[in-house]
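The listed protein sequences derive, respectively, from chains W and U. Under my numbering, the first sequence has 115 at position 115, and the numbering climbs by one with no breaks. Under my numbering, the second sequence has 445 at position 445, and the numbering climbs by one with no breaks.
Note that these hints are calculated values from the structure, not bench results. Be aware that a few hints might be false.
Straight line, CA to CA, 30 Å or less: simulated BS3-like cross-link-like pairs of lysine-lysine [to be verified]:
#1 Lys-18(U) to Lys-279(W)
#2 Lys-294(U) to Lys-41(W)
#3 Lys-163(U) to Lys-395(U)
#4 Lys-257(W) to Lys-606(U)
#5 Lys-41(W) to Lys-123(U)
#6 Lys-279(W) to Lys-163(U)
#7 Lys-646(U) to Lys-158(W)
#8 Lys-731(U) to Lys-238(W)
Take a look at the letters that make up each chain.
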Amino acid sequence: MNLWQEYKRPTTITEAVQALASASGSAMPIAGGTDLMLDLKQGRHNPIHTLVDLTFIPEISALEVRGDSLFIGAAVPVNRIARDPLTGTHAQALVEACNLIAGPQVRNTATLGGNVAHALPAADGTIALRSLNAEAEVASASGTRRMAFTSLFAGPGKSAIDKTKEIIIGFYLPLFTPNTASCFKRIMRPQGVALPILNCAVWLERDGDAVKDIHIAVGPGGSTPFRATDAEAFLRGKSLTEENFNQTLDALLAQAKFRDSARRASADYRRHIVGGLFKDVLYTAWGRAG
Amino acid sequence: MSNHSVGSSPTRIDARGKVTGETQYPGDLHKQNMLHMKILMAERPHARVLNIHIEKALASPGVAAVYTAKDIPVNEYGLQIPDQPVLCGPGASKPYTDIVRFVGDQIAVVVAETEAQAAAAIKLIEVDYEDLPPLLDPVLAMQPEAAILHPDRGESNVCVHYKIRKGDVDAGFAQADVIVEGEYQTPVQEHAYLQPEAGLAYLDEEGRIVVESAGQWTHADRETVAHSLGIPNEQVRIIYPAIGGAFGGREDLSVQVVLALAAMNLKRPVKIVWSRRESIIGHGKRHAVLLRAKWGATKDGKLVAVQNELIGDGGAYMYTTNKVLGNATITSSGPYNVPNVKTDVYGVYTNNVPGAAFRGFGAPQALFMAESQMNKLAEKLGMDPVEFRLKNALKTGDTMSVGTPTPNPVSITECIEAARDSFKWKKMNWKKKPVAKKSAIVRGRGFAAGFKNVGFSFGYKENCWAKVEIHGNGKIERVVLHHAGAEVGQGFQTVMSQMAAEVVGVPLEMVEMHTSDTATQGNPGSASASRLTFMAGNSVKGAAEAALAKWNSEERPAIAEFSYFAPPTTPMNHDTGYSMPNFQYAYVAQAAEVEVDTETGHVHVKRIVSADDVGKAINPDLVAAQIEGAVVQAHGYAVLEEYKTKDGRVLTDQFSTYLLPTILDIPEKVESVIVEVPDPNGPWGARGMGELPYLPVAPAIAAAIYDATGVWIDEFPFTPERVLKALGKIK
Numbered sequence: 001m002n003l004w005q006e007y008k009r010p011t012t013i014t015e016a017v018q019a020l021a022s023a024s025g026s027a028m029p030i031a032g033g034t035d036l037m038l039d040l041k042q043g044r045h046n047p048i049h050t051l052v053d054l055t056f057i058p059e060i061s062a063l064e065v066r067g068d069s070l071f072i073g074a075a076v077p078v079n080r081i082a083r084d085p086l087t088g089t090h091a092q093a094l095v096e097a098c099n100l101i102a103g104p105q106v107r108n109t110a111t112l113g114g115n116v117a118h119a120l121p122a123a124d125g126t127i128a129l130r131s132l133n134a135e136a137e138v139a140s141a142s143g144t145r146r147m148a149f150t151s152l153f154a155g156p157g158k159s160a161i162d163k164t165k166e167i168i169i170g171f172y173l174p175l176f177t178p179n180t181a182s183c184f185k186r187i188m189r190p191q192g193v194a195l196p197i198l199n200c201a202v203w204l205e206r207d208g209d210a211v212k213d214i215h216i217a218v219g220p221g222g223s224t225p226f227r228a229t230d231a232e233a234f235l236r237g238k239s240l241t242e243e244n245f246n247q248t249l250d251a252l253l254a255q256a257k258f259r260d261s262a263r264r265a266s267a268d269y270r271r272h273i274v275g276g277l278f279k280d281v282l283y284t285a286w287g288r289a290g
Numbered sequence: 001m002s003n004h005s006v007g008s009s010p011t012r013i014d015a016r017g018k019v020t021g022e023t024q025y026p027g028d029l030h031k032q033n034m035l036h037m038k039i040l041m042a043e044r045p046h047a048r049v050l051n052i053h054i055e056k057a058l059a060s061p062g063v064a065a066v067y068t069a070k071d072i073p074v075n076e077y078g079l080q081i082p083d084q085p086v087l088c089g090p091g092a093s094k095p096y097t098d099i100v101r102f103v104g105d106q107i108a109v110v111v112a113e114t115e116a117q118a119a120a121a122i123k124l125i126e127v128d129y130e131d132l133p134p135l136l137d138p139v140l141a142m143q144p145e146a147a148i149l150h151p152d153r154g155e156s157n158v159c160v161h162y163k164i165r166k167g168d169v170d171a172g173f174a175q176a177d178v179i180v181e182g183e184y185q186t187p188v189q190e191h192a193y194l195q196p197e198a199g200l201a202y203l204d205e206e207g208r209i210v211v212e213s214a215g216q217w218t219h220a221d222r223e224t225v226a227h228s229l230g231i232p233n234e235q236v237r238i239i240y241p242a243i244g245g246a247f248g249g250r251e252d253l254s255v256q257v258v259l260a261l262a263a264m265n266l267k268r269p270v271k272i273v274w275s276r277r278e279s280i281i282g283h284g285k286r287h288a289v290l291l292r293a294k295w296g297a298t299k300d301g302k303l304v305a306v307q308n309e310l311i312g313d314g315g316a317y318m319y320t321t322n323k324v325l326g327n328a329t330i331t332s333s334g335p336y337n338v339p340n341v342k343t344d345v346y347g348v349y350t351n352n353v354p355g356a357a358f359r360g361f362g363a364p365q366a367l368f369m370a371e372s373q374m375n376k377l378a379e380k381l382g383m384d385p386v387e388f389r390l391k392n393a394l395k396t397g398d399t400m401s402v403g404t405p406t407p408n409p410v411s412i413t414e415c416i417e418a419a420r421d422s423f424k425w426k427k428m429n430w431k432k433k434p435v436a437k438k439s440a441i442v443r444g445r446g447f448a449a450g451f452k453n454v455g456f457s458f459g460y461k462e463n464c465w466a467k468v469e470i471h472g473n474g475k476i477e478r479v480v481l482h483h484a485g486a487e488v489g490q491g492f493q494t495v496m497s498q499m500a501a502e503v504v505g506v507p508l509e510m511v512e513m514h515t516s517d518t519a520t521q522g523n524p525g526s527a528s529a530s531r532l533t534f535m536a537g538n539s540v541k542g543a544a545e546a547a548l549a550k551w552n553s554e555e556r557p558a559i560a561e562f563s564y565f566a567p568p569t570t571p572m573n574h575d576t577g578y579s580m581p582n583f584q585y586a587y588v589a590q591a592a593e594v595e596v597d598t599e600t601g602h603v604h605v606k607r608i609v610s611a612d613d614v615g616k617a618i619n620p621d622l623v624a625a626q627i628e629g630a631v632v633q634a635h636g637y638a639v640l641e642e643y644k645t646k647d648g649r650v651l652t653d654q655f656s657t658y659l660l661p662t663i664l665d666i667p668e669k670v671e672s673v674i675v676e677v678p679d680p681n682g683p684w685g686a687r688g689m690g691e692l693p694y695l696p697v698a699p700a701i702a703a704a705i706y707d708a709t710g711v712w713i714d715e716f717p718f719t720p721e722r723v724l725k726a727l728g729k730i731k
């Protein structure tokens with residue numbers, strides 16, 4: 001039994017959406033395939049009749065400045081994101097995350113769109129995008145639309161995108177402005193290739209000694225990529241004193257929902273280590289913005 | 001031509017093929033008209049197989065045959081005792097083989113024209129099971145009221161019990177000024193060889209059933225396959241192509257019997273390659289062992305009494321549990337002279353994946369306890385742990401725990417001193433260090449030693465065969481070496497060729513090696529127990545010397561076979577352990593330096609110095625490679641690898657969840673210190689060493705963690721969560 005029957009290579013988004021709609025069996029887009037192929041081979045995903053390869057569509061492989069946004073196509077390999085000067089300037093947290101995804105071979109082919117479409121609450125690229133206030137662009141038979149990043153996620157491993165009909169085209173990120181910076185770090189074992197035990201991304205805007213604005217993302221801090229909005233609200237406009245940090249962390253801990261994963265880490269362990277990781281990420285971003 | 005192969009490090013003779021990809025491993029083998037096999041595993045820890053419905057699978061496209069238990073001529077196998085069904089199911093030729101005893105028990109085999117057809121058909125087999133309550137805890141399985149997993153093998157699940165009674169421990173403890181008691185738990189470890197179980201079986205031109213697969217002992221594989229098929233040994237031929245790692249895990253069979261059966265019945269070549277998941281759930285692992293110890297010493301630092309109790313989880317079948325725990329028994333009092341020893345070691349059947357041979361063969365578990373006891377005693381005495389070990393170090397001629405003298409020169413003192421000096425060990429001050437305030441990172445160092453038998457033990461008539469041919473007329477043109485010993489990656493074939501070249505006095509390039517084939521070669525014994533350099537080395541040396549003597553008396557070609565027999569050993573007395581169990585031991589000592597992140601619980605091993613007595617380094621580069629490889633593998637065991645199960649099912653059944661160390665995780669520095677105290681019985685004085693550097697790693701790291709944090713952690717792997725729990729930071 002073949003894992004798929006037909007393999008389509010459209011060159012436009014319209015063709016891709018049509019290929020999904022007109023497939024004579026189940027259909028799904030594929031880009032890097034580093035998750036999907038493994039799931040198919042190991043039987044965690046039913047065989048798919050038609051695979052629609054997105055990597056021959058120039059629009060989905062673009063990485064460029066568009067107006068006041070940085071556009072990153074969903075099929076851009078994460079290794080390119082990690083090295084491109086544009087992401088280096090405008091999305092440092094994303095660069096750091098993309099450098100830590102799996103190993104070099106996987107990074108050469110895995111894509112940011114796949115990272116997001118897999119909908120894991122602690123995917124490195126996803127957590128970085130969450131802190132950078134990304135927006136997504138999605139295509140379906142009725143045309144393309146911009147969506148808030150959060151509306152892409154329905155639950156752990158559950159995308160809100162209908163993968164049999166819809167395609168993530170890419171992501172729009174705000175361009176760099178003075179006195180802002182971001183940072184991403186994670187705790188994992190082993191160092192090389194495993195999923196993170198915990199990761200954290202912070203974007204902030206600094207106004208002298210005060211935090212003018214801040215976004216804090218932590219994975220896995222909930223069933224979908226988590227933003228510590230209560231902690232953000234507390235710290236916004238305040239100076240970064242020890243006392244304020246502690247209260248920010250308290251707010252984060254009160255809002256986050258850590259869970260036990262049988263193979264990786266307990267909720268209790270995650271609650272314990274999040275403070276150290278968050279502090280490290282926050283102060284690194286703070287230093288960069290100053 | 002002057003030539004000294006022995007003691008040099010030429011390029012491995014198998015390097016070119018392995019680097020270029022020309023070398024064929026079992027999964028690379030193909031033959032015309034070849035069929036493909038898939039095996040259905042039980043995927044449940046304990047059940048009775050009521051019915052197996054194979055009709056749909058048989059009718060599935062391309063299927064040539066489906067086999068179940070009733071098709072196996074003699075439905076049992078096992079390296080030590082035949083307690084494992086080839087296939088589990090009703091109607092078999094042996095009683096009690098309808099019972100599934102672990103998740104990887106094999107139920108049915110499908111053979112089809114293509115791999116995809118075999119995979120499709122295997123899913124169509126329906127099995128009716130009566131699930132039985134799984135016995136997963138060896139301590140509970142030992143209880144008299146526990147259900148008996150092997151009713152035909154006695155009235156208890158305790159399948160092994162060894163005792164050592166030396167001196168009088170009560171009198172010993174009465175002399176002791178300090179006593180340390182401890183309870184330890186060591187984990188299961190996955191062998192994780194790169195090449196999963198695979199093979200190709202076919203009939204050769206003489207009608208023999210050939211099985212080409214990866215193993216560790218050609219002739220034992222042949223005997224096992226022949227037994228299960230109910231045919232003479234001579235009708236089975238075992239050939240080893242290149243082997244992608246073994247580490248003990250290939251001593252017991254996996255796919256060989258059913259492959260041979262299918263080739264015999266269908267008279268066509270049949271191939272199978274297991275997936276990583278099948279390899280992880282379907283074949284033995286390192287034994288988990290619970291260890292309890294009470295050790296006493298006088299205030300001037302002399303050990304006076306050792307009392308140990310070990311309970312090893314044998315899992316579903318014996319495999320080599322009896323031998324593994326025999327070695328654990330002997331090593332459990334460490335490489336020390338102890339006047340009073342009382343040891344009880346139990347092996348217990350459970351419904352877990354079988355406990356198997358794995359580098360160190362029981363010694364890593366026993367030495368984790370023994371060396372931790374030594375470190376704790378040193379602390380209690382306020383004595384440097386190196387000094388404490390030197391005070392008690394075994395000396396040549398001392399009486400060992402089994403009541404007989406050491407069989408060969410003892411070099412533990414030399415190893416301890418070499419590790420101490422290379423590490424630049426400073427005397428340890430056990431006083432509490434001030435707690436670091438600024439950083440969460442704390443550093444510590446630890447010391448441990450070890451020893452292990454080389455070669456088969458306990459009365460086995462240890463032997464090894466070789467044949468050498470010298471060809472040429474006036475001068476020697478070509479030397480052909482025949483040896484069936486398994487090249488499992490350790491460099492065996494290179495080292496044997498070096499020895500043949502050395503004896504005959506020719507360059508290494510002139511030696512041509514014919515490898516692992518039972519049709520043309522005598523019994524090599526196993527690539528295990530660190531034995532091949534010693535045993536095969538002596539056989540090659542003997543054969544080469546005999547061939548050279550024939551050459552010198554003008555025989556052309558000059559051909560000689562030689563079987564080397566090691567000095568005899570004896571089994572342990574049932575009540576006292578009295579025995580001469582081994583003919584050679586080798587010794588090792590290590591110092592480790594670690595960093596512990598007290599915030600995240602991560603343990604980073606910065607440096608390990610390993611001083612190993614190899615007697616004589618036949619190939620120093622390969623010795624260093626064994627030291628580095630063993631330390632890295634043992635570091636994974638100590639710090640990272642965690643074989644997790646739930647209700648007898650394996651949770652970590654892929655490398656994405658069973659985390660092996662990557663190059664970024666291994667110790668930053670491994671320093672190999674080669675000690676050479678010759679053994680007069682060894683070829684050129686060599687001792688076996690492949691397992692040696694594995695032994696002290698876990699207890700040395702445990703001691704370093706204690707030095708860094710002030711907390712003993714008596715169970716490993718030292719995962720971040722376990723470390724933080726021990727530090728009281730999480731529950």
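Has the given pair, Lys-257(W) with Lys-606(U), been kept, meaning a C-alpha gap of at most 30 Å? Given pair Lys-257(W), Lys-606(U) is violated - Cα atoms ~35 Å apart, limit 30 Å.
Is it true that the CA of Lys-18(U) sits at most 30 Å from the CA of Lys-279(W)? violated (48 Å)
Just to be careful, I want the Cα atoms of Lys-279(W) and Lys-163(U) compared with a cutoff of 30 Å; is the pair within it? This hinted pair is violated, its Cα atoms lying about 55 Å apart.
Tell me if the straight-line CA distance from Lys-294(U) to Lys-41(W) falls inside 30 Å. violated (51 Å)
Hinted pair, alpha-carbon criterion (30 Å max): Lys-646(U), Lys-158(W). Please report holds or violated. With Cα atoms ~26 Å apart, Lys-646(U) and Lys-158(W) stay inside 30 Å; holds.
Starting from Lys-41(W), check that the Cα of Lys-123(U) is at most 30 Å away, please. Holds, because 15 Å separates the two Cα atoms, which is no more than 30 Å.
Does Lys-395(U) lie within 30 Å of Lys-163(U) when you go C-alpha to C-alpha? The hint holds at about 23 Å.
Does Lys-731(U) pair with Lys-238(W) here, judged by a C-alpha cut-off of 30 Å? violated (34 Å)
Taken one by one, the earlier hints fail for this structure at numbers 1, 2, 4, 6, 8, listed in ascending order.
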